[in-house]
Structures are given as C-alpha cells and as structure tokens.
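2 protein chains.
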Amino acid sequence: MNNLEKKFVVGVDIGGQSAKCGVVDARGNVIAQTRIVSNTQTEAEDFVKELAVALKGIIAQAGAEGQVRGIGVGAPNGNHYTGQIEGAVNLTWGAGRVIDLAKMLSAEMDGIPVALTNDANAAAMGEMTYGAARGMKDFIMITLGTGVGSGIVVNGEVVYGHDGFAGELGHTAIVRHNGRPCNCGKTGCLEAYASASGLCRTAREWLELTDEPSIMRSYDVLTPINIFDAAKQGDKLAQKVFEYAGTMLGMAFADFIQFSAPEAIVLFGGLTHSREFFTDAIEKAMNANVLPLWRGKVKIIYSELKESDAAILGASALAWEL
Amino acid sequence: MNNLEKKFVVGVDIGGQSAKCGVVDARGNVIAQTRIVSNTQTEAEDFVKELAVALKGIIAQAGAEGQVRGIGVGAPNGNHYTGQIEGAVNLTWGAGRVIDLAKMLSAEMDGIPVALTNDANAAAMGEMTYGAARGMKDFIMITLGTGVGSGIVVNGEVVYGHDGFAGELGHTAIVRHNGRPCNCGKTGCLEAYASASGLCRTAREWLELTDEPSIMRSYDVLTPINIFDAAKQGDKLAQKVFEYAGTMLGMAFADFIQFSAPEAIVLFGGLTHSREFFTDAIEKAMNANVLPLWRGKVKIIYSELKESDAAILGASALAWEL
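Chains A and B supply the protein sequences, listed in that same order. Residues in the first sequence are numbered from 866 upward in steps of one, following the working numbering. Residues in the second sequence are numbered from 866 upward in steps of one, following the working numbering.
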C-alpha cells in the first residue's frame, strides 16, 4: 500500500506523569486510545519499548494494522528538526540528556515514520487541523496550564525557527523590574503571572498584602480550581486575581500581534475553564497596547477540541504531514 | 520572451522626500539609477506618472527594454497582499488615503508586474537576496533610522501575517510604566528609545537631569551625528546615550528571539554607523534577557549592502519573486 493511501495516524502526547496515545482517522475521530505511565522508567529505551507495545495494542484494537501513515509525538522540549527530546527536566528518563525519540520509536514500530514536536506546537497543529483554527493561516496558540506555552502558525506552517525551538512566548518579559522569578531562571516572564502557579501566587500575595475580605482566606491551599470557585461565588478578590492574569496576557498579546499579525489568538489548557473571569481583561489590555491598526481586530478564541482528546489529536496532526 | 527569461528587475524605494529607482541584474548590480521628488505631488496619479517616466528612462539607459521581469516597490505602509499604500502620513499624496499603487504603476508601465511591500520588509528581502543574510532562512531585519522598522523572515519567507502588516517590532513595549510617548500614539515603544529621535531625546534628558560634563553641552542642536562625534572624542555621557539605546534594543531582541528563534538579527540604517558604541550593550542585554538555550547563540550582524544602493536592491529583490 502506498503510504498516502493509509487511512490512520497515531498521536502520542508525552507528559511528566503519563503518555496518552490514540489512533486517529482523517476526520479527527479517536478510534482507540490508551495511556501508559511515563515517570517510572529511568532509561528512555524502556519507556520507548513500553510505548511501542501500547501503540501496537491500540492499532490492533482499531483494526488499523498496516494502515498507519505515521506517528506524531508531542513532548516537552521536543525538536521537530532533529526528532530529539533535549534536556526535558520533568521526564524521569529525559533530564540532562538528548533522547533520539523519533528514531527509537520508529525502529520499535517496524519503520512507521515518526514526527516529534513540543506539546504547544502539537496543540497548534491540532487546532489548525481539527479545531478552532480550521482554515486559518496565521494564528498563535497559547496554552495556559502549569506553564504558559505557545505554538505560532505563520502562513499555514508552524514556526520552528533556526534551531527548532521557536515559540517560547511564556518567557516574554512582562515585568522588567522586580519581576517574579520564573522556573526558567529569569524574572518577570509572562509564565510567572499567567500560568496556574502564577495565578495562585497572585492570590497568595494579595491575601497577605491586603485586608480585603475573601472566601479564599478560608482555604487550606490555593489552587486554580478553588480560586475559580471563589470567583464564581462573587468573591471580588478572586475575580481580580483572574483579571490580573488576563491583563498580563493582553499586554503580551499586543506585542505578539505586532510581530506576526495573526488572525486570532487561540487559548487552550486548564485555566481556560475560568475564561469568563479573564477574557474581558485580555481584550482590554491587548487593545490598549497594540497599534491602532489592529485595535478590535484580532480575535481571542478558545480551543474547540474535546479536552480528553486534544493532546492526542494535536500530536496526530503532525503525522499527516509525514 | 518568457517572463522568467527576462534578465532585469527594477527597484523603487519611496520615501517622504524622494523615490530612488534603479535597474538591477541578477547579481545585484545596479545598472542604472535615478531619483524623483515625492513630496511635491498632491495626487498619487501625478506621482505615478512621473515615476513611470523616470523608470522608462533608466530602463532605456540600461538597455533593458522588454527585459524587465518585474518592478518591486518599498514604501511606507505598503501592503504586499493588496499592492496598496494605506494611510501613509508622511507622503504628501498618501495621508488619509488608500493608494492602489501596484495596479496604477503596472498600468503606466505597459503591464510589467509590480510587487509592493513596506520599506523594512524590502530591506530584509535585499539582505537575504544580496547581503548579510544570504543563505539564511530565519532572521530578523531591524532598521534603525528616523523610526525603528522591522522585516521578519521565517523559513525563507517574509512574514506578512493575516492582513499584510506583520513586523511592527519598533512598537514593542519596552517601558511599560511612564514610558516616553511614541509617534504612534502609544507610550514606551522601542522606537521612542532606539530611533534617531529617541537617541537625541535620551541625550537631551540626561543633559538636563545631570551636571555631568559633556562636549554635547556646547552643541546648538543635538543630532545622532554630533552625539556620535562626541562619543568618538571620548565623551562618557555621549557613549552612555548609545549604550542605553543598545540596552533597550537588546532587551527587545531577547523577546524577538523567543518568538521566532532567528539565526541572526541584522541591523541596517543610519544609526548603524555608530555601532561601535552600542553593539556590546545590545549583546549584553540580549543575552541577559533571553532563555538560556539561546544565550550567546544568536548573531548580531550588520547590513552588507552599500547604503546608496540598499533601498533599491531591497525593493528590487521583491520583483524576482513575481
């Protein structure tokens, strides 16, 4: 069978805890899926062997043997050009090493071609192929989760840059003096204000610095979920915590627009469940900080992929290009 | 003759005072050139008619009749997608209007195809085709003149974005609170600190705010040229003025790198004559503010095009793609 006649692709989303895997058809239906743990292995070889067994299992379950065109993998620090995972600190088998993941997995999978990229680029591919960015040639995907990730699409192609690592918009300087320390070692990065941990930090700081009454004072721990709960109950301080994150995002988005003039900025990730409390703040700050020619013109939209499938779909979208 | 067999292109660089025009061969030699004034006409039709006469003159002079593949035009607010100049405030015949320049010029030139873009994108094309960025697929061109312009190249193509206006990096927010007013109506833009007028403003402010001795105190007016003269004579304050502009550029470049991961940032324009006084400051600030993976890896380089030819070459490079 000619490779282009093959009707299925496989998507693999590797995270710090588990790897989600699925067999996907051209319409974006996940025909079969599974997940394996990714934090018990100390050697990449062991992880790849277990992954291959799991993939063969779901390919058989989907009745797709011999019909898989390619495997797309999204992974932290995944480099599209080299097929390698380079120094991924949150993988038990990846920290401080360069893992030849695409080559290793293809060998275990009887030569099925494997493409690799980072998780945010995979999300952008998924949204362009199956989701909210269908038909768009220029957009920016921002993932709001533990960190702030990004995948940039220009003229219908993901921007990889000279070395394969383009699109680190979470580390844009949003506060240039006395900024919060970021996990990357710098200070004042967008991620330190608009990620899940940034949101919690804002809440903690404001609870300490003010006497403003808040339901949040009764919580044992602060999480994005219980700050959201407080906001929904009308808690003004909790609402302001979300607005502050939205304002930081909006200021950063203004500069992103001036760079690549996207049609839309697409938001994805856990924090987007709380969108009702920050979308207005994003749009207000974005339009106040962008050149007049773009004011009111760039859409803020949200992922349309079912969250349970999104990571698999995003990674699988890569494989259609193989 | 098949259009691809034609051996010459024409480049036109439209500025607020004059339009420079040249006939260019495939090696980047300017075979014949001229310039016409661009600030006496009140109607675009008149400007285009005068331009066409001038172009026919240099085409005849170069012996290139019937052998011009296309005409590339760089102009303020030039839109590659539409071929229009949209609301160019510094053109006597352009302010507040949409000028169908590509179509009008092609009609006057007996149907020779015309491509249009803004001046910074044209500069990027010129550098990629004939200059310092030959062979590069990912770089950012920054023009340091009256304003700060930019042309972004990703994967060998100029980034135009959804609407054709991508690449307004001079309006990146570099000071988020109490920033200087910028000509665009915003405050704190890179252009307000790192353009020719930004440089002069820094000098004026520091001369007023401090008692630091400086040769500049004896000048009637401050210009980038006489600040440069002072710096060359060892004037510490003048040197710090350049370093400050370099630091602002370097901080902004760090975020640009995190966006598109370019191989190099190419600098062009009048201020680059003073490069000896700001290159170190750019590199220091850039490397201090970028993610560790790019530290020390992105080159700061300077245009290699002869300044008198650069604008024509840049615009002409567009025409090879027609």
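Just so you know, the hints here were simulated from the structure itself, not pulled from any lab data. Note that the coordinates shown come from a computational prediction; the quantities given were computed from them, not determined experimentally. Built from N, CA and C at the ideal position, the CB exists for glycine as well. Each hint should be verified, as a subset may be incorrect.
Stated by the list, open to error - One-sided excerpt, in silico: chain B residues whose CB lies under 8 Å from chain A: (1) I1017; (2) G1021; (3) T1037; (4) L1102; (5) L1156.
To be verified - Below, a list of computed lysine to aspartate or glutamate pairs in the EDC-like style, where the Cα atoms sit at most 20 Å apart: (6) B:K1164 - B:D1145; (7) A:K1105 - A:E1070; (8) B:K968 - B:E951; (9) B:K871 - B:D975; (10) A:K968 - A:E1022; (11) B:K1002 - B:D911; (12) B:K968 - B:D890; (13) B:K1105 - B:E1141; (14) A:K1164 - B:D1145; (15) B:K1162 - A:E951; (16) B:K968 - B:E1022; (17) A:K1002 - A:E1141; (18) A:K1162 - B:D1174; (19) B:K921 - B:E973; (20) A:K1162 - B:D1028; (21) A:K1051 - B:E1148; (22) A:K921 - A:D911; (23) B:K1164 - A:D1028; (24) B:K1002 - A:E1022; (25) B:K1002 - A:D911; (26) A:K1002 - B:E973; (27) A:K1097 - A:E1108; (28) A:K1162 - A:E1148; (29) B:K1051 - A:E1148; (30) A:K1164 - A:E1141; (31) A:K1002 - B:D1028; (32) B:K1164 - B:E1148; (33) A:K968 - A:D911; (34) A:K1164 - A:E1070; (35) B:K871 - B:D890; (36) A:K1171 - A:E1148; (37) B:K1101 - B:E1128; (38) B:K1162 - A:D1076; (39) B:K1162 - B:E1186.
Quick rundown of the hints versus the structure:
1. I1017: For B:I1017, the interface hint holds, since the closest Cβ of chain A sits about 7 Å away, which is under 8 Å.
2. G1021: With a closest approach of 11 Å, the B:G1021 hint is violated.
3. T1037: holds (5 Å)
4. L1102: At about 23 Å, which exceeds the 8 Å cut-off, the nearest Cβ of chain A leaves the hint on B:L1102 violated.
5. L1156: Hint holds; B:L1156 Cβ to chain A Cβ min 5 Å, cut 8 Å.
6. B:K1164 - B:D1145: holds (12 Å)
7. A:K1105 - A:E1070: Cα-Cα ~12 Å, so holds.
8. B:K968 - B:E951: holds (14 Å)
9. B:K871 - B:D975: holds (15 Å)
10. A:K968 - A:E1022: It is violated: about 23 Å lies between the C-alpha atoms, which goes past 20 Å.
11. B:K1002 - B:D911: Between B:K1002 and B:D911 the Cα gap is close to 39 Å, so the pair fails against 20 Å, i.e. violated.
12. B:K968 - B:D890: Violated. B:K968 to B:D890 sits at ~24 Å, over the 20 Å cutoff.
13. B:K1105 - B:E1141: holds (12 Å)
14. A:K1164 - B:D1145: violated (39 Å)
15. B:K1162 - A:E951: Given pair B:K1162, A:E951 holds - Cα atoms ~17 Å apart, limit 20 Å.
16. B:K968 - B:E1022: With Cα atoms ~23 Å apart, B:K968 and B:E1022 exceed 20 Å; violated.
17. A:K1002 - A:E1141: Violated: A:K1002 and A:E1141 sit about 27 Å apart, past 20 Å.
18. A:K1162 - B:D1174: Since the Cα atoms of A:K1162 and B:D1174 sit roughly 37 Å apart, the hinted pair is violated (cutoff 20 Å).
19. B:K921 - B:E973: Roughly 10 Å between the alpha carbons, so the hint for B:K921 and B:E973 holds.
20. A:K1162 - B:D1028: holds (10 Å)
21. A:K1051 - B:E1148: holds (17 Å)
22. A:K921 - A:D911: holds (16 Å)
23. B:K1164 - A:D1028: Satisfied, since the Cα-Cα distance of roughly 13 Å is no more than 20 Å.
24. B:K1002 - A:E1022: holds (14 Å)
25. B:K1002 - A:D911: violated (37 Å)
26. A:K1002 - B:E973: violated (34 Å)
27. A:K1097 - A:E1108: Satisfied, since the Cα-Cα distance of roughly 13 Å is no more than 20 Å.
28. A:K1162 - A:E1148: Measuring from Cα to Cα gives roughly 10 Å; hence the hint holds.
29. B:K1051 - A:E1148: Status holds; Cα separation ~17 Å.
30. A:K1164 - A:E1141: holds (16 Å)
31. A:K1002 - B:D1028: Distance ~11 Å between A:K1002 and B:D1028 Cα, so the pair holds.
32. B:K1164 - B:E1148: holds (9 Å)
33. A:K968 - A:D911: OK: A:K968 and A:D911 at ~14 Å, within 20 Å.
34. A:K1164 - A:E1070: Roughly 31 Å between the alpha carbons, so the hint for A:K1164 and A:E1070 is violated.
35. B:K871 - B:D890: With Cα atoms ~10 Å apart, B:K871 and B:D890 stay inside 20 Å; holds.
36. A:K1171 - A:E1148: With Cα atoms ~24 Å apart, A:K1171 and A:E1148 exceed 20 Å; violated.
37. B:K1101 - B:E1128: violated (33 Å)
38. B:K1162 - A:D1076: At roughly 48 Å apart (the allowed maximum being 20 Å), A:D1076 and B:K1162 break the hint.
39. B:K1162 - B:E1186: violated (31 Å)
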